[in-house]
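Colleague: Its first residue numbered 1, the sequence shown is counted upward by one per residue in my numbering.
These are computed hints drawn from the structure, not numbers from a lab.
Treat the hints loosely; a few may be bogus.
What the hints assert, rightly or not - Straight-line distance between alpha carbons at most 27 Å, and here's what the computed DSSO-like set of lysine-lysine pairs gives:
1. 334 <-> 240
2. 334 <-> 244
3. 215 <-> 375
4. 205 <-> 218
5. 240 <-> 218
6. 192 <-> 205
7. 334 <-> 214
8. 218 <-> 192
9. 334 <-> 205
Just so it is clear, the structure is predicted and the values come from calculations on it, not from any experiment.
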Amino acid sequence: MYIFIIQALLSPVSKHVSVLVGIIGGFALGVLVTWLLVVLIRKLKANVPPGGTSESALILNPDQIRTELQKATHYYVPSVKNWIFYRIFLDGIPETEEIPVDSLSSILQKSYQCNFCRLISFHVRRTWMLDKFPDVNLSGIQCRLLSMPCGCLRGPFYPPPKFRCYRLHRYPASRATARSLTIYLMQEDAFKFGRPTDLHSRRVKNTVDIDLVKKWIKLCQENHGDECHDVWRMDGGEDKDLPKYVRLVDVVSMTLVPAPSGCRYVALSYVWGTVSTEYRTTTDNIAERSMPGGLNTATFPETITDSILFTRQLGLRYLWIDAICIIQDCSQDKITQIQSMDLVYGLSYLTLMAAGGASARDPLPGCRPRTRTLKQHIEVVQGLHLCVGPPRLREALALSVWNTRCWTYQESALSRRRIYFTEQQIYFECRGDVFCEDIVAESKGHRLSNSFLRRSRGEYFPQADLFGTYMGAVNECTRRNLTVESDVVDALTGVTNALATGFRLGDPARVFYCGIILTDLHHALLWQHNPHTPRARRSLPKGSSLPLPSWTWAAWRGAIDYTSEHRYLGIVNGSGEPSVVETFVNSWYIVDHSGATVQLDVRRVSRIVSIPMTEEEKSAYSPPSGILDPTELILDIHRPLAPGTLIFRTTSSHFNIARRGFIVLSRTATLGVCDEQSLGHYLECVLYVMAVSQNEGLMQRVGLGVIHEVSWNASRPEEKVVFLR
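Sequences are here, hints too, so could you generate the full structure?
Modeller: Right, here's the structure in full:
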């Protein structure tokens, strides 16, 4: 099978369409092939055996069709209108042989008389919203056609040429092209090429095919084993029980019940939005709702009622919904339940992601009739059914309000199996597969099978690297919205609990403090404000008079980044995991919530020198050594140290950069940096430093940067015990 992409190229002479670089184009349909197909059909009729029909010959002998058309001309001739679509879908169009098509404006003009142009026009008009912006200048946008492999589900035991699968892919970034239009061949035409229907497009129905969803779940259960059963190394997988204090909705008896032992349940992830609060569970209605029939769906918004309906359709009995299963006006119940979100979502049999609405009042698209508008456009071109499909999963989520909410990140990341309800269709995702309604991808396949759908994933949690997983979660969450901005730590608690469990770090309360991972404190402190985010402190949590410590990212509003040292040096602009090749703090202490000063178990990193050091390197920065004396853990400020105060020994110096003090944290792995005046060129000569302000001996974080160690040594730094709050 081939999946084709029409690529729109921006002409250098057009300045008015630069904002449209990368959108779709197409080409005109010719008539020569129609004549060729008529001749072919007549020839096949002449070869039909006695008692047969031309129709049966076409169905039973796809090789005949292919053989005859392979004798025809190549898939295009100098005139664009003479393309043979059968040859195009049979052989594909290599990137090196991409076909120049036509201008985008010309394609739109021909859409009323050309089916293929209409296919492209439908997508372009919808994507660019040309009805709302009719004056957009499309001149200068030229379109090209090419194909690239999209995978194969059946494995190598089929002849590769016969069952080769392709899709068209966007050009490399260096070619300055826009996002591309993908064109699929419908599954009903697969037989014409002697291929299975795998990875062909199928028709999306008005309502979700529940049997198809059950098939996806079954394939995951049978084929993926521990990969999906034990999502983040929970030790027990699906057999592990929810705590009894977790409540579930019994969708049969319509009551709230303590989670039964070993039950299979569905969890819901959705956007609350601004809807009436009467559907939520409170201390006033919890007793009634715990009685059979006590849940009155007449007061429930559509997202809730549809999730109950879908759970029943799956043949499952239990459902977890935060607004129903947590007592919303009981702070103690909320704290207890929030601390268990890693279990609630991690142990769910399936999680429903309501990514098709902006609030709880919106339905789950496709769950019931007339709850979604089909956006699949199909045209018949030279007897082939071609389709412009909905976006792939990642693109569909990027368009959703659901994907902008902070709480929904962990709800997706922690779930073993996910059904995403979007405006276009539903998608199934687990660690092993991605399925959707508009692409056939349900073959059990061979272990070497692959599918382009798997390259468009939602969340993949956790990664193999602990800090990389943590860093990605923090970067993602701080870019999302919160109704109550002080909830940011709570919204990530499920993730931090899962990391502590999955990587066997111990009690999460001892491993994480205000969102910072303490076991990797040398790395965790190296966050930086996103340059496009105003630098301002978060509002205080309700009932709290003490702000979060300045050294944690959770204390500050907006997006943050963990960036590599190269960004500070101007080598690259992107983010990346910071590199620490040597830690300089021997012992870290923190004032805990009880006011006691306790030592932290922080991973140390020692510098490894593989080549002999130069004399200059031997005289490089040397950190203070030795542990702190108990008397050094006390600051004479005539009041107790606030919880969250970090205490450690390092060196400190002053610079005329915003008149701030600086403290050294660690050495980074930057290669090839030089100091022309003193050291010349050598490796790992850059130090991470934190800019701080100071008041009554207490320091607060101001910013982060790097400095050449020669410059640091030249500043005559002083050894200092730091009290960082």
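Colleague: Okay, which hints does this one fail, numbers in order?
Modeller: The structure breaks hints 7, 8, 9; every other hint is satisfied.
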